[in-house]
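Peer 1: With the hints as constraints, model all of the structure from the sequences given.
Numbering (my numbering), first residue to last: 124 to 222.
Hints are computed from structural coordinates only; laboratory data are not their basis. Computed from a predicted model, the values in this text were never measured in an experiment. Heads up, some of the hints might be wrong.
Derived DMTMM-like pairs: lysine to aspartate or glutamate, alpha-carbon spacing no greater than 20 Å straight-line [what the hints assert, rightly or not]:
| hint | residue 1 | residue 2 |
| --- | --- | --- |
| 1 | Lys160 | Asp127 |
| 2 | Lys167 | Asp127 |
| 3 | Lys218 | Glu152 |
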Amino acid sequence: LDADWKTFQDAQANGGWMRGPYTVSRSTEHSLDVMMKVVGEKSKRFASAEAGTPVRFGGKFKVPILEGISNDTTKRVVFVSTGVGVGPCIGAIEKALSG
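Peer 2: Okay, structure coming up:
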């Protein structure tokens with residue numbers, strides 16, 4: 124299938140929204156930092172979008188990685204991830220180092 128046709132079908136099946144390999148690496152009250160892997164039409168469009176382009180994100184908006192780590196009993200943590208999975212690790216590391 125043609126890439127544009129696949130993108131069209133995906134958007135049609137998801138209420139007009141395109142999905143792709145993205146992850147939120149950190150966030151504030153007013154912004155999100157997004158890491159993405161540019162692999163196809165969806166991620167190319169996202170990567171080239173101008174500021175102010177409407178986007179929608181879903182998922183958990185917090186750093187759940189740190190919930191299972193006790194500062195009192197943990198001396199060292201090793202994060203293992205690949206691709207866009209690196210994003211949540213960066214956010215967790217930054218949050219842990221800032222606290």
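Peer 1: All hints, please: hold or fail.
Peer 2: Each hint, compared with the structure:
1. Only pairs whose Cα atoms come within 20 Å are accepted, and Lys160 paired with Asp127 is accepted, the gap being roughly 18 Å.
2. Proposed proximity of Lys167 and Asp127 is supported: the alpha carbons are some 12 Å apart, at most 20 Å.
3. Among the hinted pairs, Lys218 with Glu152 is consistent with the structure: their alpha-carbon atoms are about 14 Å apart, no more than 20 Å.
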